[in-house]
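S.K.: This is what each chain is made of:
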Amino acid sequence: MAAPMELNCWGGGWGLPSLHPESLTVMAYAKFSGAPLTVNTINNSWRAPKGDVPVLISEDIVISQPAKILNFLRKQKYNADYELSAKQGADTLAYIALLEEKVLPALLHTFWVEAENYCSVTKPWFASRIAFPLSLYLPGKMSREALNRILLTRGGPPLYSLSEVEAQIYRDAKECLNLLSKRLGTSQFFFGDTPTTLDAFVFGFLAPIYKVCFPRVQLQEHLKQLPNLCRFCDDILTCYFRLTVSGHSPAGQDTADANLQKLTQLVNKESNLIEKMDDNLRKSPQHPPRKLTRLKLAAGGGESTPSSRLSP
Amino acid sequence: TAAEPWPENAALYQQLKEEQILLSDNASSLAVQAFLQMCNLPIRVVCRANAEYMSPSGKVPFIHVGNQVVSELGPIVQFVKAKGHSLSDGLDEVQKAEMKAYMELVNNMLLTAELYLQWCDDVTVEEITHPRYGSPYPWPLNRILSYQKQWEVRRKMKAIGWAGKTLEQVLEDVDQCCQALSQRLGTQPYFFNKQPTELDALVFGHLFTILTTQLITDELSEKVKNYSNLTAFCRRIEQQYFEGHDKDSAAAAARPAKRSFLR
Numbered sequence: 240m241a242a243p244m245e246l247n248c249w250g251g252g253w254g255l256p257s258l259h260p261e262s263l264t265v266m267a268y269a270k271f272s273g274a275p276l277t278v279n280t281i282n283n284s285w286r287a288p289k290g291d292v293p294v295l296i297s298e299d300i301v302i303s304q305p306a307k308i309l310n311f312l313r314k315q316k317y318n319a320d321y322e323l324s325a326k327q328g329a330d331t332l333a334y335i336a337l338l339e340e341k342v343l344p345a346l347l348h349t350f351w352v353e354a355e356n357y358c359s360v361t362k363p364w365f366a367s368r369i370a371f372p373l374s375l376y377l378p379g380k381m382s383r384e385a386l387n388r389i390l391l392t393r394g395g396p397p398l399y400s401l402s403e404v405e406a407q408i409y410r411d412a413k414e415c416l417n418l419l420s421k422r423l424g425t426s427q428f429f430f431g432d433t434p435t436t437l438d439a440f441v442f443g444f445l446a447p448i449y450k451v452c453f454p455r456v457q458l459q460e461h462l463k464q465l466p467n468l469c470r471f472c473d474d475i476l477t478c479y480f481r482l483t484v485s486g487h488s489p490a491g492q493d494t495a496d497a498n499l500q501k502l503t504q505l506v507n508k509e510s511n512l513i514e515k516m517d518d519n520l521r522k523s524p525q526h527p528p529r530k531l532t533r534l535k536l537a538a539g540g541g542e543s544t545p546s547s548r549l550s551p
Numbered sequence: 092t093a094a095e096p097w098p099e100n101a102a103l104y105q106q107l108k109e110e111q112i113l114l115s116d117n118a119s120s121l122a123v124q125a126f127l128q129m130c131n132l133p134i135r136v137v138c139r140a141n142a143e144y145m146s147p148s149g150k151v152p153f154i155h156v157g158n159q160v161v162s163e164l165g166p167i168v169q170f171v172k173a174k175g176h177s178l179s180d181g182l183d184e185v186q187k188a189e190m191k192a193y194m195e196l197v198n199n200m201l202l203t204a205e206l207y208l209q210w211c212d213d214v215t216v217e218e219i220t221h222p223r224y225g226s227p228y229p230w231p232l233n234r235i236l237s238y239q240k241q242w243e244v245r246r247k248m249k250a251i252g253w254a255g256k257t258l259e260q261v262l263e264d265v266d267q268c269c270q271a272l273s274q275r276l277g278t279q280p281y282f283f284n285k286q287p288t289e290l291d292a293l294v295f296g297h298l299f300t301i302l303t304t305q306l307i308t309d310e311l312s313e314k315v316k317n318y319s320n321l322t323a324f325c326r327r328i329e330q331q332y333f334e335g336h337d338k339d340s341a342a343a344a345a346r347p348a349k350r351s352f353l354r
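Going line by line, the protein sequences match chains A and B.
Per my numbering, the first sequence starts with residue 240, numbered consecutively.
Per my numbering, the second sequence starts with residue 92, numbered consecutively.
Hints were generated in silico from the structure; no laboratory data involved.
Accuracy of the hints is not assured; some may be wrong.
Label pairs and their in silico Cβ distance ranges [to be verified]:
(1) LYS285/B <-> SER367/A: 57 to 65 Å
(2) ALA325/A <-> GLY157/B: 38 to 46 Å
(3) PRO363/A <-> ILE251/B: 24 to 32 Å
(4) ALA101/B <-> GLY431/A: 44 to 52 Å
(5) VAL137/B <-> THR477/A: 57 to 65 Å
(6) GLN305/B <-> GLN464/A: 45 to 53 Å
(7) VAL137/B <-> SER367/A: 52 to 60 Å
(8) LEU401/A <-> PRO133/B: 35 to 43 Å
(9) SER402/A <-> LEU107/B: 34 to 42 Å
(10) THR477/A <-> ARG326/B: 49 to 57 Å
(11) PRO222/B <-> LEU391/A: 22 to 30 Å
(12) GLU218/B <-> LEU401/A: 35 to 43 Å
Small disclaimer: the values here were computed from a predicted structure and weren't measured.
The C-beta atom is built at its ideal place from N, Cα and C for all residues, glycine as well.
Starting from the given sequences, assemble the full structure and let the hints guide the process.
M.R.: In structure tokens form, the structure reads like this:
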């Protein structure tokens, strides 16, 4: 069999397996293509994340960046795109470029630059998953890098102030979401009934916007007005990640059966216990309970006797 | 204002054709010229050494129409549309989304690769870019301007993750992009079958420039030549929209004959 593959990436919350768009894209692709990945989420006890995240490790090979990781998975015969025509493959590349140019800046802004969002949600979440003292430094660095990227790619004349740049990137992101919605239409996935690379990328970028609860949510509100995109994200979460829409933990077939078994055992134990107690009481002398009864009646009245409570 | 018709003296500004302009800027300029030709709007090309600084966004080309100045293909397409001319009106919503996506692909991969080659490949920088970029200016201004621009471009490359790429990886990206364009074009005359759109203009601008510009090696143009339908596409647009015009036309200037003097 193929060598075992491990993916190190950021963990999830708010019903998502990961908050990080690139990590989410790779996880989704792995599910779509059936690649057996062991997912290690970065947490306090783990080694500090160096360089790019997500990172795929297979024996001695270390690969970062989603595009390269997906290429590697395809070479290992985990290909979600084999049914696509050449033109559809070309469309995939084009739409991914559109996502990166138009949606990513606004996504980065919502998570890392918008002050209220960053301070109340993003920074505490990431800091809690990085070991001290790196947790004091790394979130700030990620925030600065995000702002830098936005300003270098979208800033510059004739937009001279940060607020003008922000207005423009949100306009572009909303327009792009509209385009994606029109392209998706009523189909289940972007190329018919089976999910492909493009679905992984769209899901990776859109799901964090959709699910994470921020104080400032203009992009999320816009997304919620496009019901087919919301349905798209929810479908993938329920079908491939077995997470219910409300965001509770998985209840897959196996665990449901196990739970049912446990419940049955518990009920049986309870009824056995009740029978035993009942037996004991029948065997025990009658007087002590009666005394208790009399006492109880004197105190409050109307209370049922212990023995009658236990009778079936 | 939008209500005014297209004037006769509309002008497109770019850097000096022979000595100064670089691959990426020439591609962008040619794309705009092709677009305007396709819309049947007359424009004359004016070359100025300081075109970049005159531009409202700092990028070339820009057009001067009436009393308005608009730069870069995207805003120019919007501006032209406001005047009532459009190439993409006949497309439905899904096709428009596809067109925008492919235009982003060209910008994301082809244009970035051109910039990488010009400003991050040391040999090309030394032998072509630095001598050309500041050529209208006296020493030391010419070196200062080109170092400043190089620093700016390298910063951007680092922010988008291209700084760590090798030339081979960049050429592979170009190949991937060309393959996608070739597959999308197929056997059709234009990307959206019978009529050209701004996407055709943009692709033409970049591919034609790559095919006809002489660099240190031919690796870049070889990547495009691998796809015969793309070279046929370029030839078709050149013949239809640029031939039969006077010697000042853009494609004539971009031809190999003149280019080979410039190194």
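S.K.: Take the hints in turn and mark each one as holding or not.
M.R.: Hints, verified against the model:
1. LYS285/B <-> SER367/A: 57 to 65 Å: 58 Å, holds
2. ALA325/A <-> GLY157/B: 38 to 46 Å: Since the Cβ atoms of ALA325/A and GLY157/B sit about 45 Å apart, the hinted range of 38 to 46 Å holds.
3. PRO363/A <-> ILE251/B: 24 to 32 Å: For ILE251/B against PRO363/A, whose Cβ atoms are near 28 Å apart, the range 24 to 32 Å holds.
4. ALA101/B <-> GLY431/A: 44 to 52 Å: Taking Cβ atoms as reference, ALA101/B and GLY431/A lie about 46 Å apart, which means the hint holds.
5. VAL137/B <-> THR477/A: 57 to 65 Å: With a Cβ separation near 60 Å, VAL137/B and THR477/A satisfy 57 to 65 Å, so the hint holds.
6. GLN305/B <-> GLN464/A: 45 to 53 Å: For GLN305/B and GLN464/A the Cβ distance comes to about 52 Å; the hint holds.
7. VAL137/B <-> SER367/A: 52 to 60 Å: 59 Å, holds
8. LEU401/A <-> PRO133/B: 35 to 43 Å: Because 40 Å falls inside the window, the suggested range holds.
9. SER402/A <-> LEU107/B: 34 to 42 Å: 37 Å, holds
10. THR477/A <-> ARG326/B: 49 to 57 Å: 52 Å, holds
11. PRO222/B <-> LEU391/A: 22 to 30 Å: At roughly 27 Å between Cβ atoms, LEU391/A and PRO222/B fall inside 22 to 30 Å, so the hint holds.
12. GLU218/B <-> LEU401/A: 35 to 43 Å: With a Cβ separation near 39 Å, GLU218/B and LEU401/A satisfy 35 to 43 Å, so the hint holds.
When held up to the earlier numbered hints, the structure conflicts with none and fits them all.
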